[in-house]
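Asker: Here's the letter readout for the chains.
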Amino acid sequence: MATPPGGHHPYDGAHQSQGENAQNRFNFPSAPSGQGGMQQPYQQPQSGHPYVQPQAPRIQPVQQRRRPEPAPTSGNHNPLVRPYAMTGGRTRPRYQLAIEALVSTTADPARLQGQLPEHQRICRLCFEIKSVAEISALLSIPLGVARILVADLAEAGLVAIHQPGGDESAGGQPDVTLLERVLSGLRKL
Amino acid sequence: MVAGGFGVGKTTFVGAVSEINPLRTEAVMTSASAGIDDLTHTGDKTTTTVAMDFGRITLDQDLILYLFGTPGQDRFWFMWDDLVRDAIGAVVLVDTRRLADCFPAVDYFENSGLPFVIALNGFDGHQPYTPEEVREALQIGPDTPIITTDARHRADAKSALITLVEHALMARLR
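Protein chains in written order, with this note's numbering: chain A, 31 to 219; chain B, 38 to 211.
Honestly, the hints are just simulated from the structure, not real lab data. Note that the coordinates shown come from a computational prediction; the quantities given were computed from them, not determined experimentally. Each residue gets a CB set at the ideal place from its N, CA and C atoms; glycine is no exception. Only true hints are included.
Per the computed footprint, the stretches of chain A lying under chain B, defined by three or more beta-carbons under 8 Å from a beta-carbon of chain B, are:
#1 126-135
#2 162-168
#3 205-215
Let's have the full structure, built from the sequences with the hints guiding it.
Answerer: Put into structure tokens, the structure is as follows:
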């Protein structure tokens with residue numbers, strides 16, 4: 031939301047060409063030589079056009095909106111952090127983790143230095159195998175946030191994920207072998 | 038999955054057979070239809086927390102069974118979808134004094150095709166209706182097991198789970 035598609039450049043160009051337009055009215059022939067070729071497309075139609083002025087208000091608000099952008103970075107020091115601030119505002123993980131997917135880590139504790147505190151807490155918890163649901167419950171973080179953070183760690187190679195053994199041909203339902211193992215396990219309890 | 042109406046004993050059931058005290062995971066729901074303006078007036082009402090209790094049973098060195106008590110509120114169906122995807126099946130707990138409470142769960146599992154069993158939770162050992170009477174009342178087909186249970190007792194909960202897995206296995210082999 032913060033960064034407009036295409037980055038800053040088109041706006042800078044538009045802004046400057048507008049500034050130059052003011053000059054163009056007095057000194058049209060010399061203007062195009064001053065800046066790179068990129069600006070010519072913005073400049074030419076405007077300078078040659080009688081309706082230059084009405085465009086200024088449309089460009090100005092964009093300039094104003096860009097200025098507050100650095101604020102969120104400094105806002106990270108606020109101790110009251112909304113849950114999804116930990117995930118950088120993302121509400122969906124890179125891939126879908128089952129709520130009962132098992133997470134474990136064999137990462138060297140030294141590698142955890144420099145990770146986000148939440149990532150470190152998850153790693154420390156997962157030296158013993160835990161489900162995504164347990165991570166959420168034990169660290170008191172909402173399930174959706176836990177999923178994203180675990181997916182981040184998996185991507186960084188800090189945890190291993192064991193997705194539940196489903197049978198792809200049966201729409202993810204457990205296969206017969208798994209059901210038999212569960213049944214015999216329950217009977218032995 | 039352990040489903041059923043509010044207060045029917047889902048967490049009790051999970052706790053009776055789980056090796057850990059039931060844990061609670063929470064999902065924060067944001068009302069998708071809420072406009073930006075709503076935040077200024079009712080900032081605390083645009084999000085809802087859905088809690089779900091669960092337990093775990095280690096069956097083997099590399100096999101862990103998780104029991105999820107479904108959120109009681111019917112309107113959070115989408116969370117059920119998430120759970121149903123890889124679930125073995127569901128135990129639908131029923132309090133026969135409030136039979137209608139289990140209708141949404143029964144409807145849901147019938148539609149989703151997830152194997153389920155009906156477990157009549159007899160509070161204080163009371164079972165005012167027989168399983169066959171309940172089958173009639175719920176219009177449940179003959180294939181779905183209906184058992185009696187006491188959610189407070191480990192042996193009963195374990196037996197209900199065994200019935201469910203047997204049923205799920207039969208359904209897969211059919």
